[in-house]
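Respectively, the protein sequence lines represent chains X and S.
Numbered per the working numbering, the first sequence finishes at 603, counting up by one with no gaps.
Numbered per the working numbering, the second sequence finishes at 603, counting up by one with no gaps.
Simulated from the structure, these hints should not be mistaken for laboratory data.
Some hints could be false.
Claimed, not checked - Here are the simulated EDC-like pairs of lysine to aspartate or glutamate, each with C-alpha atoms no more than 20 Å apart in a straight line:
no. : chain 1 : residue 1 : chain 2 : residue 2
1   : S       : K569      : S       : E555
2   : S       : K535      : X       : D559
3   : X       : K535      : S       : E555
4   : X       : K578      : X       : E511
5   : X       : K572      : X       : D559
6   : X       : K569      : X       : E511
Number of protein chains: 2
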Amino acid sequence: MPDITGDRLRGHLDTMVLSVLERGPAHGLAIIQRIESAGSGLLHMKEGSLYPALYRLEGQGLVSAEWERDSGGRPGPRRKLYKLTRKGKAQLGRGRAEWETFVATIGPIVGGAT
Amino acid sequence: MPDITGDRLRGHLDTMVLSVLERGPAHGLAIIQRIESAGSGLLHMKEGSLYPALYRLEGQGLVSAEWERDSGGRPGPRRKLYKLTRKGKAQLGRGRAEWETFVATIGPIVGGAT
DNA sequence: GTCTATATTTAGACATGCCAGATATCACCG
DNA sequence: CGGTGATATCTGGCATGTCTAAATATAGAC
């Protein structure tokens with residue numbers, strides 16, 4: 490089973506990030522882990538893809554970012570927690586509708602329906 | 490209902506072209522028309538997207554191209570007919586499988602399934 | 001000839017996911 | 001204290017493919 494490569498994620502990645510944040514706030518690498526663990530081993534998102542996407546979303550007011558206060562006994566630097574904003578939730582709804590439209594439109598064409 | 494923008498077509502357009510060619514040979518603009526008419530008004534493929542895609546597919550041996558002999562009483566220049574090759578048919582099968590994998594993988598994430 | 005419709009071609013812009021490395025922080029252990 | 005390893009974020013530059021927009025060309029209608 491071939492991996493899902495970058496081109497195919499275009500335009501969907503933002504909605505994916507919003508969607509996994511609906512489960513609760515998370516920092517960058519945790520978002521990657523959520524997505525990858527939901528991807529049956531076919532998805533491999535890299536930091537270089539995620540962080541720019543998060544900055545995009547933050548710039549649009551769809552997520553908010555906040556540094557964690559302490560590191561809680563964990564090795565490594567502080568983490569930046571991202572949360573869905575109200576605006577982000579609304580956009581997530583639109584993103585889901587767009588996904589449904591996308592699948593309903595492209596699917597029959599790819600599938601060979603007239 | 491928002492249009493399906495270019496980014497979201499990335500990686501799927503080739504399979505879409507192969508799929509509509511399965512119905513029979515067609516020239517460039519006819520391919521666009523087939524796709525747009527199947528797209529419920531949400532898809533707007535431009536020549537600048539299609540022709541490079543066709544050259545790509547031709548270079549990979551997935552389609553073959555041939556100039557029409559005469560213009561059959563129609564205004565305008567001669568048209569280049571594209572056909573699916575045997576290799577293209579095989580690739581179409583793979584592309585369909587990849588589409589199914591893509592939908593089955595991304596769908597649950599966008600949809601909010603854990 | 002001129003106009004119009006059809007058709008292909010192409011240069012450049014742009015967005016965004018990827019690669020690869022840099023940087024930083026903290027626990028642990030000696 | 002200093003080294004090591006794990007975690008985490010950030011960043012510059014690249015690759016790719018779709019879009020914009022215009023150029024070019026051909027043939028029928030009048």
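For each hint, the structure was consulted:
no.	hint	in the structure
1	S:K569 / S:E555	5 Å, holds
2	S:K535 / X:D559	52 Å, violated
3	X:K535 / S:E555	43 Å, violated
4	X:K578 / X:E511	8 Å, holds
5	X:K572 / X:D559	18 Å, holds
6	X:K569 / X:E511	16 Å, holds
Hints 2 and 3, counting from the list given before, are not met by this structure.
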